[in-house]
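K.L.:
Below are the chains, spelled out letter by letter.
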Amino acid sequence: MSIFIDRSDRVLVQGITGGEGSFWTKHMMDLGTRVVAGVTPGKEGQVVEGAPVYHSIRRAVTENPANAAMLFVPPRFTKDAVFEALDSGIGKIVTIADGIPLQDAIQIRKAALSQGARVVGGNTSGVISPGLAMMGMFPYWIDRVYKPGRVGVMTRSGSLTNEVTAMIVRAGFGVSSLIGVGGDPVPGTRFAEMLPDYQADPDTDAVVVIGELGGTMEEEVAEAMLSGSFTKPVVAFLGGRTAPAGKRMGHAGAIVSGGKGSVKDKIEAFEKAGALVADRPRMVGELLRTAFGRTLNR
Amino acid sequence: MSIFIDRSDRVLVQGITGGEGSFWTKHMMDLGTRVVAGVTPGKEGQVVEGAPVYHSIRRAVTENPANAAMLFVPPRFTKDAVFEALDSGIGKIVTIADGIPLQDAIQIRKAALSQGARVVGGNTSGVISPGLAMMGMFPYWIDRVYKPGRVGVMTRSGSLTNEVTAMIVRAGFGVSSLIGVGGDPVPGTRFAEMLPDYQADPDTDAVVVIGELGGTMEEEVAEAMLSGSFTKPVVAFLGGRTAPAGKRMGHAGAIVSGGKGSVKDKIEAFEKAGALVADRPRMVGELLRTAFGRTLNR
Amino acid sequence: MNIRRRTRSRNGPRRRLCADAEEVVAAAAELGLPCAVKSQVLRGGRGKAGLVRLVKSGDEARAYGSELLGGALGAAHGVRKVLVEEAVSIDRELYLSITVDPQAATALILACADGGVEIEELARTAPEKIIRERVDIDAGLMPFQARNVAHALGLEGKLSASFVTLLSGLWKTFRDKDAELVEVNPLFVTKADEKGERALVAGDGKLVIDDNSAFRQGGAEPSREYFDSDVAYEAAKEGIPYLQFDGDISLMCAGAGLTTVVYDLVNYEGGSVANYLEFGGPNYKKAVRAMALCLVNDPKVILIVTFGTIARADVMADGIAEAIAALKPRCPIVACIRGTGEEQAVETLKAAGLEPLYDTEEAVRKAVALAKAGGRA
Amino acid sequence: MNIRRRTRSRNGPRRRLCADAEEVVAAAAELGLPCAVKSQVLRGGRGKAGLVRLVKSGDEARAYGSELLGGALGAAHGVRKVLVEEAVSIDRELYLSITVDPQAATALILACADGGVEIEELARTAPEKIIRERVDIDAGLMPFQARNVAHALGLEGKLSASFVTLLSGLWKTFRDKDAELVEVNPLFVTKADEKGERALVAGDGKLVIDDNSAFRQGGAEPSREYFDSDVAYEAAKEGIPYLQFDGDISLMCAGAGLTTVVYDLVNYEGGSVANYLEFGGPNYKKAVRAMALCLVNDPKVILIVTFGTIARADVMADGIAEAIAALKPRCPIVACIRGTGEEQAVETLKAAGLEPLYDTEEAVRKAVALAKAGGRA
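Residue numbers (the numbering used here), protein chains in the order written: chain A, 251 to 548; chain B, 251 to 548; chain C, 225 to 601; chain D, 225 to 601.
Among the hints, a few may not be true.
Below, a list of computed lysine to any residue pairs in the SDA-like style, where the Cα atoms sit at most 25 Å apart [stated by the list, open to error]: (1) A/497 - D/556; (2) B/497 - C/496; (3) A/510 - D/270; (4) C/401 - D/270; (5) C/461 - B/251; (6) A/360 - B/337; (7) D/596 - A/451; (8) D/382 - B/251; (9) A/497 - D/323; (10) B/497 - B/480; (11) B/497 - C/255; (12) D/419 - B/294.
None of these hints come from the bench; they were simulated from the model.
Please put together the full structure from these sequences, using the hints given.
P.N.:
Dropping the structure here:
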């Protein structure tokens, strides 16, 4: 089993004819993902990596039913592209766009929530279940960083995730499914909303949360642990512990606002909930060993 | 049992301090309705017919929980008033306002649908279950027109409803529950949406539908009959059979548009579904006799 | 009130408004021949009525301009101005409108690749050809929806982009103006020009604004030209629903549904209606004005039917007594006034010399009989 | 970029913008004494810093005006203009803002009857005092919601109506301007005047516009005055995230999260940061510009850490080699460049005279050690 995406999902690629779209479509296919069609308005009739291209999702799905959409669409067109996918009943949507207007992001999340769909991103590298399938921008040098295994990963970052997962792999573990919720202040999907899937997944033994200052997503994970709805071991790694107050450092979402979002608060919440908190990337691997007591299947 | 409103419902009156609001509040109370509080911004502290008045619904329901709201609010403020009621979780709302802007009406219906609430109106006299309770503007001379009985009534009109129910009563029947969905093009509640309640109501043996040209609400009732979801006898009376094409005669909703809504179509639909169609008000009583075969409890 | 305005679209052809035949000739010369001459009247089916024509020469422009502006044809249809438009070379005609889906509580785009025809007719004859796209009124029209309609209409490339711009503009009008209907029909697709480019041209447009939004749309006073007659215009200014016919019986009733049914019943009984008039609702004290609006038609009978709750029977009866005293109508009046305060109403009507009835159908039959007898009791 | 603009509200007091002490005296005479003199600088806590004062006489106005405009106090804080405002007689101070609730995916009104304080502080010290009202971003602010906030703030009658108008205006600004934050703090309630009337007066305002909306907000070029330093301003113009500190180690990293963690790790190891700089994302080819922005701070060490996917390691290494050749930095460079094309990157870095590392923590330790050694390898 995997979280979010596996080989049975039928994926549309929006913006498939662009440089980014076609480049990563090939990667997705090579990593096992079933891309059934592409969509770029005005480009119907083209073929990209064997996938037929349509003007619109409505036309694409008539001939190629799909349940997932991968967006390589610029930020300013992302709301329209997400709504187009939702309109055709597509329930799994990943958008890598970095720079979605804040109020568009609110509308995207609201629409997804009201339709029971899941939008992952923007400002993310995407999702991957190593060895099964990938939606996003994960490259081939996967062995050292995204080796298949039994540790779930949820993250707000891109490069930092490579850093941390490399440490997970170096410690002898591997990744079951990784969800990059993205670095924006209003991500389409929040950490805690993925927990029921990780809880139910027989292939995930523990979850690493790669968080940072700003927002309350990490606190919501701690709440789920405290409430007993999530019971697997959690190792948290948080960036921005020494970040200066009042400055926006890093992602758009990485700022303390309305008195919420300091790393100190997040660490307290995690520790209270029984999560192990790593100071440094390397410590993530060590704490996973602690969490498993070196006994579980790696 | 009754449809929509009975003596257990706790009713707020919005606009209670106005002339219309206070006048009909007394009527509602006299006819059995439990009015627990009133709301008029700026008038908190007043008392109308024994009901305490608050600035807002939120303040009113803190002290007086309510599940229904009766609006005596001008059309231009109706959307705000309906949204205020919905915001406090009130699930039964009646608005008599005649002249709600069309696009406001769409927003009202959309909001009600999305929250699973029911908004009846505007442009209606309201709802009444004779002998039990009333929300709206039904007067005391009820005996001749709104005698308690076992015939459900759904209507788009006001004065015409008096005309037709008088004929129902003259024919020896009475009314179980009457819902005035109102004469607007986008009513908050449509005929067919009330059918499950009438179907389930042990006190309703048949339903009279008082419709007219325009829209498709009557056709939707016929569809429910054809699909087998509504099985009680239906007598339909339709106004505007001889109305000239292309003119707006009567209610705002009473116009043929987009090729839909002619009385001819509605009669065909009803007859196909097995409803009895009355040409004249008097015939409604006669057809009820036919429908019951003079055997049922009147 | 149902104001229909002809729109001037950014996508429209170049045009000049003219008030006499010489202006038509000058405009035709400026815009180039052939060009279209269109009567400015608020009615559909102008083509069939001969009110729109393509003229091919200056002489033809002068002749047709004279027919419309000053001539018999124009006079018969109340033409006061004509629009001269450059002729566009048309490849296809489309239909496009935005209206409301009451059941789904959304706005609704209707489009059809067969334009020029009335949508009512299309819905009857070829409903499968109508393209429908629902639009959430709060979230608004999304570009992908406009593209979907464009694709369904067979518009590709630049035409698709033009269509998205056009439809987005129509959507903005629909919302900003509180419209019930925004319609472009026909929407022309031109033939390819020397560069191979095609364009969209709005052939004709209609905008129906929701009367109920007047308080926020700065609702202008209705203009005389939107009405068939002076009396309909007068009634509209007073907010009294009124329709003029050429029959014998003036209706003066309360309640939109009841008035419509009385109209039906008069027709069932073989009578004919002189005017539909509602003086219920907020106007129920305006009996004098209402009766005056009936008397304009010199009816054979005035038929009054009410069954009111808020519109009290006794107040109505007082108003009718007052109207009779003030206007002294020569025709007979049949009155059937029921509802709140009806006992008092009966006394008032009797005192005013009427014989009040209690049954609508009986009242209608009596009115029809009186009308057939020439309006003598 | 995080532009904060001071708003001019219709609810604000009468005011004059002045550029020298004599203008301050004249404005004070015109508006009446006492009046408030407020330095126009883009920072919070102006009161505490002595940049806002109530002046009671013309002499005091001249003296304080001179201190701010031309004097040492003003120079220290970069004051170039001051606002002279009529003094309002204040009864209460409120807090009011509109921001975003990411979890509920709505806008969020925050209000508090204890104004003048920072909301962050309030959230810590008295969260129960914060009034919250969620607003659906599509349906918009409803009047009843504004009234609910007014009531919760204890505003009644005309004050409640004024508040509804004020908040509706703020909502319009929030939506129309794609704001992240619209804030009025303090919002004054004046004492009753001779007629017993009270008013709402916006004491100070803040508007934070979402940078990502620049394409539809006509995003102006950032203005120098919004930045702490010339180099921060230069970086912003190039779209390179940059923060200046007063430490030894210039960070030149890719990835917002990774850069932040490197910043943490430097601090953990007892080092200090000269600047935070991200050249990942779309800027990852701008190594020359990035290194130049680091060298402005004359750092003891430049620390480069990347682990990129799209931001390819080999392209980054090429850029760094180019930057070294062009800028010839005198300080040592510690580089830890991993990701797509890293084998090639290693070769390039070695050719440029660097010793590439593969482990972030090792790289940080080395950089801190070098910095402590005075920047000599």
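K.L.:
Next, verify each hint and record whether it holds.
P.N.:
Quick rundown of the hints versus the structure:
A C-alpha spacing of about 28 Å is found between residue 497 of chain A and residue 556 of chain D, which places the hinted pair above 25 Å, so the restraint is violated. Using a Cα cut-off of 25 Å, the hinted pair residue 497 of chain B and residue 496 of chain C holds, with the two alpha carbons roughly 17 Å apart. At most 25 Å may separate the alpha-carbon atoms for a hinted pair to count; residue 510 of chain A and residue 270 of chain D meet this at roughly 24 Å. In summary, the hint linking residue 401 of chain C to residue 270 of chain D is not supported, as the alpha carbons are separated by about 46 Å, beyond the 25 Å threshold.
Among the hinted pairs, residue 461 of chain C with residue 251 of chain B is inconsistent with the structure: their alpha-carbon atoms are about 47 Å apart, more than 25 Å. Simply put, residue 360 of chain A and residue 337 of chain B have alpha-carbon atoms about 17 Å apart, close enough for the 25 Å limit, and the pair holds. For the suggested pair residue 596 of chain D and residue 451 of chain A, the alpha carbons sit about 49 Å apart, so the restraint of at most 25 Å is broken. For the hint linking residue 382 of chain D to residue 251 of chain B, the alpha-carbon distance of about 46 Å lies beyond 25 Å, and the restraint is violated.
A hinted pair counts as satisfied when its Cα atoms are at most 25 Å apart, and residue 497 of chain A with residue 323 of chain D qualifies at roughly 18 Å. Proposed proximity of residue 497 of chain B and residue 480 of chain B is contradicted: the alpha carbons are some 33 Å apart, above 25 Å. A distance of roughly 37 Å separates the Cα atoms of residue 497 of chain B and residue 255 of chain C; the hinted pair therefore is violated under the 25 Å criterion. The hinted pair formed by residue 419 of chain D and residue 294 of chain B meets the criterion: a straight-line CA distance of about 23 Å does not exceed 25 Å.
The structure does not agree with the numbered hints 1, 4, 5, 7, 8, 10, 11 stated previously, though it agrees with the rest.
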